[in-house]
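Top to bottom, those sequences are chains A and B.
Residues are numbered in the numbering used here as their position in the first sequence, beginning at 1, plus a constant of 512.
Residues are numbered in the numbering used here as their position in the second sequence, beginning at 1, plus a constant of 349.
Think of the hints as simulated: they come from the structure by calculation, not from any bench.
Ideal Cβ placement from N, Cα and C applies to all residues, glycine included.
Honestly, I wouldn't trust all of these hints.
[Claimed, not checked] Looking from chain A toward chain B, a few residues come up when the C-beta cut is under 10 Å (computed):
1) R559
2) V594
3) S598
4) T630
5) W631
6) P632
7) D705
8) A710
9) V714
10) H716
11) A724
12) I732
13) S733
14) L736
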Amino acid sequence: MHRTAYLLLADGRFPSGGHAHSSGLEAAVAAGRVTDLAGLEAFLHGRLSYAAPVTAAFTAATHLTAARMGRAPSSTESDVKVPFLSLDRELEARTVSPALRLASRRQGRALLRAGRNTWPSELYGQLPKHPDGPHQPLALGVTAAAAGLSTEESAQIAAYGVLTGPASAAVRLLGLDPYQVQHLLARMAGACDEIAAAAAAVAHKSPQELPAHAAPLADISAELHATWEVRLFAS
Amino acid sequence: MRALARIVAEADGRGGTRLARLRGEPPLQLRHTPDGSATATVHLIGSAAGPLGGDDLRIEIEVGEGASLCVRSVAASIALPGRDGTPSRTTVVATVAAGGELRWLPEQLVAAAGCRHQATSTVELAGGARLLWREELICGRHDERPGDAVVSTSVDYGGAPLLRQSLTIGPGTPGWDGPAVLGGARATGSLLLVDPAAAPAPPSVLGATAVRMPLTGPATLVSATAPDAHVLRGYLDA
């Protein structure tokens, strides 16, 4: 059991820089698409249906790959680097917005730095090198493996993060009542659990077969947001 | 109804393209519509309503080295529910050889009320192949809420993944028409341009809900949402 490690990594206070990102909420608020709690609820349902399955499945698949490597240290480095590289390329092909690719890699880089220092491991070094960092789900999967968590737990943290990032941004952007926002998250908990379980269940599949849900406005508003001169959140 | 259509385009050795194979079966009829250019143009003619629940339609396309093929359709296809709730399926599988070009520019897919439709396209491009690929999805006919539809597109270039996109709409998916996905837009679509000879265009904003984005690889994707099919086509015209 690694209950405390699980809570540490899921905690919004884990120093991975996630608080700098609104996951598209800032752009949705600026466009007038989200103005109140009901709008936030619709936004979060969309994030949970579209972004979370992809993020959680890539996190879980990375975790599974890393955990297998940890159990079988005799496997050569290239055995492991190939699936990591394949996960990286498949996720890259699912992230059509260059602004979102950069946001994912910057968050991955920050998470990797925090992970390396919190749960030192040789696993981190197996991730494919990229000047902007590894994609966030890959960094999360490896960190979860280094922390000794299960594949299911890694997927749960990923899905949970998809919800809590924009939810806490909403309090700052819209001045929503934090109690009501927490109540909303509690109401969505069951749906979040289901998405996480479904993601963990496909973690063993080949990277090509992992979910590829696209949300047009996520890409479009990320690109619009990237052109702003002044913004509160990085994405 | 199950149907298979197959198109094989080859360079004719005189700078043009000949259709080595052009075979359809109801409701997937194919017509070669020569326009005097080096590109062979084929029109898909739906000879029945649909796709209807239970239909399983498959289109196979092969573009050889140096050949150029353009596929269009004469009308929008309207995904309709079957009698017993069985899903309908349209599968497109295309390969393009080096120096070949495929332009896939059909009319819109309309997801009618109650439909359960899955459109899956898989494109394999050899290094040096060109592609123009348009997908347009309309959420319901006039004044109608759509059924459930999934439009999945997978493109590989030179053996590596270039684009993996799966758009799901309809009442079966919470949040599908909300502010994170379509924002109430009734039309959405994308236009993928793969051209190894051209430098990918930098990101640019084409409208309040339309952008052009360079992918990782020799490709650019225009993605848009719009209030209707007409406005959408304005963003995705090719």
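- Task: Any hints from earlier that this structure breaks? Give me their numbers in increasing order, please.
- Result: Violated: hints 2, 4, 5, 6, 7, 8, 9, 10.
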